[in-house]
Amino acid sequence: MRTKIVATAIVAASCLATAGALAHHGWGSYDAANPVTVQGAIATSKYENPHATITLSDAGKVWTITLAPTFRMSARGATEDVVAIGKTVSAFGYPSTVEKDEMRAERITVDGKTYELR
Amino acid sequence: MTEGAPAIFVALEASGIGAAIRQSRWLYMVSNIGHIVALTFFAGAIAVMDVRLIGGFAGTPPARIIGQARRVAIAALAALALTGAALFTAEASHVVLNRAFQLKTALIALGLANVAWVEFVILPQIKRLQDSSPMPSGARTAAIVSIATWLGVAICGRAIAYF
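If you read the protein sequences in the order shown, they are chains A and B. Whatever position you read off the first sequence (first residue = 1), add 359 for our numbering. Whatever position you read off the second sequence (first residue = 1), add 156 for our numbering.
Chain A with its partners taken away, still in its complex shape (with noise of 0.2 angstroms):
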């Protein structure tokens, strides 16, 4: 019975356990301390969930930007034409610690309108 409890306990602290140790992909693994800004033409764009992303080239580097759901996107007027292919935008936003030239992205300027992404 107490073995049983125990073994359960185990079980289920165990998710939280690694969390800690392996977690990744949470906006955790964003260096905030060390923001950059990118600009470019967009290369490519996928407007869907969980979050658009598109990518663009910067310097001879080619950037994947993770920018926001994209309910919240069209509601603050991010709609899919405003990150169309070909459209320049400059990013300001943080560098992954773990993804190589991968971004997320806290505001996108496009023809001169600013769309806050948080």
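If you're looking for bench data, these hints aren't it; they were derived computationally from the structure. Any given hint could be a false lead.
Claimed, not checked - Residues from chain B shown here face chain A by an in silico Cβ test under 7 angstroms; the list is partial: (1) Gln179; (2) Tyr184; (3) Met185.
Don't be surprised by glycine CBs; every beta carbon is placed ideally from N, CA and C.
Based on these hints, arrange chain B on the given structure of chain A.
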């Protein structure tokens, strides 16, 4: 898309349904919110059953209150499966390799095995018990396993986003 995932999950994510869920303004969000709402009903119904199995609500006939709560639990589980399937399909190749999701799946299997144990072993023992009768020893263990397992499932579900 995660290339290393088993082909069936890559295909599921690449399917028309997967694309529709990702690209819809509403589907993903509704599934997301529906999953949480269904979880609250599921957790509530599970808690009623487990508290009764442990010996709480002693003034009620156990088989009856468990039977009533079970209907809510079954409906909530169906809603969880439906909304969960939508969320999974949208990102199948990525989520299937997610450690938290894998642990969650294992815990769901454990939880369902415990449901079978309660259904076929414990419930027949308490079928005719009256109010305030002491519960059989296995009932308490099953209830604790149930609470711990489903809490673990919920924790792992939320943890998927952090792996």
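Now for the hints, and whether the structure bears them out:
The interface hint given for B/Gln179 is met, as the beta carbon of that residue sits about 6 angstroms from the closest beta carbon of chain A, less than 7 angstroms. At its closest, the beta carbon of B/Tyr184 sits 4 angstroms from a beta carbon of chain A; the interface hint therefore holds under the 7 angstroms criterion. With a cut of 7 angstroms, the hint placing B/Met185 at the interface with chain A holds, because the nearest CB-to-CB distance is about 5 angstroms.
Violated hints are absent here; each numbered hint is respected by the structure.
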